[in-house]
Amino acid sequence: MPDEFEWIYRGVTEVFPDQTDPDQTNGNDPQHNLRARLQTSDRPLRIKLGIDPTGAEIHLGHSIPVRKLRAFQDAGHTAVLIIGDFTARIGDPTGKSEVRKQLTEAEVKANAQTYLEQVRPILDFDTPGRLEIRYNSEWLTDLDLGQILELFATMTVGQMLAKEGFAERYEKGTPVFLHEFFYPLMQGYDSVAVKADVELGGTDQKFNIAVGRDLQRHFGLAPQFGLLLPLLLGTDGAQKMSKSLGNYVGLQEDPLTMYSKLEKVPDQRVAQYFELLTRLPLADLPENPRDRQKALALEITRQCHGDAAAQQAQQDAINLVQGGGEAEAVPEFSLAAVNFPATAFYLLGATPLCSSSSDARRQINGGAVKLEGDRIADPNLTFETPAELVGKVLQVGKKKFVRLVD
Numbered sequence: 029m030p031d032e033f034e035w036i037y038r039g040v041t042e043v044f045p046d047q048t049d050p051d052q053t054n055g056n057d058p059q060h061n062l063r064a065r066l067q068t069s070d071r072p073l074r075i076k077l078g079i080d081p082t083g084a085e086i087h088l089g090h091s092i093p094v095r096k097l098r099a100f101q102d103a104g105h106t107a108v109l110i111i112g113d114f115t116a117r118i119g120d121p122t123g124k125s126e127v128r129k130q131l132t133e134a135e136v137k138a139n140a141q142t143y144l145e146q147v148r149p150i151l152d153f154d155t156p157g158r159l160e161i162r163y164n165s166e167w168l169t170d171l172d173l174g175q176i177l178e179l180f181a182t183m184t185v186g187q188m189l190a191k192e193g194f195a196e197r198y199e200k201g202t203p204v205f206l207h208e209f210f211y212p213l214m215q216g217y218d219s220v221a222v223k224a225d226v227e228l229g230g231t232d233q234k235f236n237i238a239v240g241r242d243l244q245r246h247f248g249l250a251p252q253f254g255l256l257l258p259l260l261l262g263t264d265g266a267q268k269m270s271k272s273l274g275n276y277v278g279l280q281e282d283p284l285t286m287y288s289k290l291e292k293v294p295d296q297r298v299a300q301y302f303e304l305l306t307r308l309p310l311a312d313l314p315e316n317p318r319d320r321q322k323a324l325a326l327e328i329t330r331q332c333h334g335d336a337a338a339q340q341a342q343q344d345a346i347n348l349v350q351g352g353g354e355a356e357a358v359p360e361f362s363l364a365a366v367n368f369p370a371t372a373f374y375l376l377g378a379t380p381l382c383s384s385s386s387d388a389r390r391q392i393n394g395g396a397v398k399l400e401g402d403r404i405a406d407p408n409l410t411f412e413t414p415a416e417l418v419g420k421v422l423q424v425g426k427k428k429f430v431r432l433v434d
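If you read the sequence shown in the numbering used here, its first letter stands for residue 29, the second for the next number, and so on.
No false leads were slipped in.
Quick list of in silico lysine to aspartate or glutamate cross-link-like pairs, EDC-like style, CA-CA up to 16 Å:
1. Lys234 with Asp46
2. Lys428 with Glu360
3. Lys292 with Glu327
4. Lys420 with Asp402
5. Lys223 with Glu166
6. Lys427 with Asp282
7. Lys271 with Glu85
8. Lys223 with Asp242
9. Lys137 with Glu85
10. Lys427 with Asp264
11. Lys428 with Asp387
12. Lys137 with Glu166
13. Lys234 with Glu42
14. Lys292 with Asp264
15. Lys427 with Glu360
16. Lys398 with Glu416
17. Lys322 with Asp295
18. Lys234 with Glu192
19. Lys292 with Asp319
20. Lys420 with Asp434
21. Lys428 with Asp282
No lab work stands behind these hints: they were computed from the structure.
From a predicted model like this one, the values you see are computed outputs, not experimental measurements.
Can you make the complete structure from the sequences, with help from the hints?
Put into structure tokens, the structure is as follows:
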């Protein structure tokens, strides 16, 4: 059986500070070496992860640090999950080419509730002492002007402009607003407030985590370790997973959609998905690339929906691709949103299968659209009433489909 360190360090890009060479000064000092700290601490370490609820849906890329948080829980440590209800109203400017839209308090509150529902299957919510859920409005709302100025005084403008995105925007003449400078300080102050021993984040969070270390020193606390994780590439295998790019897999996707998306992850990226999203031994993965893709799709769908739903999703996907019958778990689309009589391209454009009526025309003309397994060749094919369509499966390509319902 792998030990706790394998799960904690699996897939990790960087731990800092990390003086592991015995010849280095402080090489085995628990203040400078996380493994030594984990082995010698006389109490559970406090492992911090902050999540800003800037949207309603979490995707697999967002789940990677949450899964790592669970690995620390399983090793007996305390997960401190910070819901950034205050910071979300500003939004993390990391890597952004322009200022982020500020959210309302109501939007943030609604998103925060959905986030907790989505991470519940991953984290241990039940074992006493293993999880703290905190909201950073608890301490950030109460900061007075003097305290805010104290935070600002810990950093220079030059240091802030070294942050990813700020320098590029400044050089291009794109506005950088002062409230954006405050974001790293607020995230860093979160580490002070919860007395974090370790902070988890993607590789793009190193600057913010380092700010947290500096602020902890400023307030007389031992500085936290930073543990950085890769940014998951999307299902296209090329760009970071992102809802805006359409290459994401949401944790709340229905089983069939989830399975179908994961089954088409490029083979050269499958190992990364297994490493970051599962605990399966990488040496035991199937040799055949197609079998690896299917195994990945089945495992992740099982994690999110259970064994029975995952097995059904796999069979449904086979049926749809091979024409072997109708799937029981195909996502549904209500025809109530369609005005009849309706042309094929208008109908298709109204569904999530295409981005627009123009896209629908292109898909039909390209031979990619089927209704109940029969190819639709004419974009202007007209359906007079919903009764002609209810219960039928509309499909675009091999992986996208909906069942039409009243």
